[in-house]
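Order-wise, the sequence lines are chains W and Y.
FYI, the numbering for the first sequence is 1402 to 1512, going by my numbering.
FYI, the numbering for the second sequence is 1264 to 1377, going by my numbering.
Worth flagging that the hints you see were computed from the coordinates, not collected in a lab.
Positions of the beta carbon are idealized from the N, C-alpha and C atoms, including for glycine.
Among the hints, a few may not be true.
As the list claims (entries may be wrong) - Covered stretches of chain W, going by a simulated chain Y footprint (3 or more residues, C-beta under 8 angstroms):
1) 1439-1452
2) 1485-1497
3) 1500-1508
Unchecked claim - Each pair of labels, with its calculated beta carbon distance range:
4) Phe1277/Y to Asn1466/W: 28 to 38 angstroms
5) Asn1431/W to Ala1264/Y: 44 to 54 angstroms
6) Ala1483/W to Ser1317/Y: 38 to 48 angstroms
7) Phe1277/Y to Lys1472/W: 43 to 53 angstroms
8) Gly1417/W to Ser1343/Y: 21 to 31 angstroms
9) Pro1462/W to Gln1374/Y: 18 to 28 angstroms
10) Asn1471/W to Gln1308/Y: 39 to 49 angstroms
11) Pro1462/W to Asp1271/Y: 22 to 32 angstroms
12) Ser1333/Y to Lys1472/W: 39 to 49 angstroms
13) His1345/Y to Thr1487/W: 30 to 40 angstroms
14) Met1497/W to Gln1334/Y: 19 to 29 angstroms
15) Thr1408/W to Ile1346/Y: 26 to 36 angstroms
Said to hold, decoys possible - With a Cα cut of at most 27 angstroms, we get these calculated DSS-like pairs of lysine-lysine:
16) Lys1458/W to Lys1312/Y
17) Lys1312/Y to Lys1472/W
18) Lys1410/W to Lys1472/W
19) Lys1458/W to Lys1472/W
20) Lys1321/Y to Lys1332/Y
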Amino acid sequence: NAGVTQTPKFQVLKTGQSMTLQCAQDMNHNSMYWYRQDPGMGLRLIYYSASEGTTDKGEVPNGYNVSRLNKREFSLRLESAAPSQTSVYFCASSVMAGEQYFGPGTRLTVT
Amino acid sequence: AQSVTQLDSQVPVFEEAPVELRCNYSSSVSVYLFWYVQYPNQGLQLLLKYLSGSTLVKGINGFEAEFNKSQTSFHLRKPSVHISDTAEYFCAVSPSSNTGKLIFGQGTTLQVKP
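Only chain W is shown next, with the shape it has when bound in the complex (with noise of 0.2 angstroms):
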């Protein structure tokens, strides 16, 4: 049971470049969710998948799309990455109200 799964672990990409954010989950959980953490600023929800077939923007949308691409998988994508997407990304998932379950994160840089 290996909970969520996030791929790369790093990341440098430059200006303009565009690239996928892998999760998966074997928790059978419907909720799946994508976060970037920045110093000081907590985590903001970039998008949020509550059930397969259904995403919705958080906080922070702009200059990303996602894909629920089954029940287990949630992929974020950067279509032409800038510096200010330079992160660590986060996906998580839940069956219930508000207990998530998250990933070890990717660390991307965009120079």
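Since chain W is already given, all that's left is putting chain Y on it; use the hints.
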């Protein structure tokens, strides 16, 4: 809308001393409350949660928190800390009738000194 304020960005404390990490929240609806811990270079782990019932909640690693509705607070306490408790701690709130979205505070870094 909900918001969470963690009143201290850093809390230095000596090993075996007690500690309190403070969290206040704002909400016009009833909420669930959570504390998460993040060890260096790791994801977040749930420490404890308040959903309903007893206002004193016990979590893992000897931590506990008390929900105070009148003061809209959910402070985290531990009577005796260890070096291994050095980490960042996040308070979070979720409306009790939604999809499970969490609103996080800015985090408090607990630094336990020998």
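Hint by hint, here is what the structure shows:
1. 1439-1452: Holds, because 8 residues of the region 1439-1452 of chain W bring their Cβ atoms closer than 8 angstroms to Cβ atoms of chain Y.
2. 1485-1497: With 4 residues closer than 8 angstroms to chain Y, the region 1485-1497 of chain W meets the three-residue bar; holds.
3. 1500-1508: holds (count 7)
4. Phe1277/Y to Asn1466/W: 28 to 38 angstroms: violated, 48 angstroms
5. Asn1431/W to Ala1264/Y: 44 to 54 angstroms: The hinted range 44 to 54 angstroms is violated for Asn1431/W and Ala1264/Y, with Cβ atoms some 24 angstroms apart.
6. Ala1483/W to Ser1317/Y: 38 to 48 angstroms: For Ala1483/W and Ser1317/Y the Cβ distance comes to about 47 angstroms; the hint holds.
7. Phe1277/Y to Lys1472/W: 43 to 53 angstroms: Cβ of Phe1277/Y to Cβ of Lys1472/W: about 47 angstroms, so the range 43 to 53 angstroms holds.
8. Gly1417/W to Ser1343/Y: 21 to 31 angstroms: violated, 52 angstroms
9. Pro1462/W to Gln1374/Y: 18 to 28 angstroms: violated, 34 angstroms
10. Asn1471/W to Gln1308/Y: 39 to 49 angstroms: violated, 26 angstroms
11. Pro1462/W to Asp1271/Y: 22 to 32 angstroms: holds, 30 angstroms
12. Ser1333/Y to Lys1472/W: 39 to 49 angstroms: About 41 angstroms separates the Cβ atoms of Ser1333/Y and Lys1472/W, which means 39 to 49 angstroms holds.
13. His1345/Y to Thr1487/W: 30 to 40 angstroms: For His1345/Y and Thr1487/W the Cβ distance comes to about 33 angstroms; the hint holds.
14. Met1497/W to Gln1334/Y: 19 to 29 angstroms: holds, 27 angstroms
15. Thr1408/W to Ile1346/Y: 26 to 36 angstroms: holds, 32 angstroms
16. Lys1458/W to Lys1312/Y: Holds, because 25 angstroms separates the two Cα atoms, which is no more than 27 angstroms.
17. Lys1312/Y to Lys1472/W: With Cα atoms ~26 angstroms apart, Lys1312/Y and Lys1472/W stay inside 27 angstroms; holds.
18. Lys1410/W to Lys1472/W: Answer holds: Lys1410/W to Lys1472/W is near 22 angstroms, not above 27 angstroms.
19. Lys1458/W to Lys1472/W: holds, 18 angstroms
20. Lys1321/Y to Lys1332/Y: holds, 17 angstroms
The earlier numbered hints that this structure contradicts are 4, 5, 8, 9, 10.
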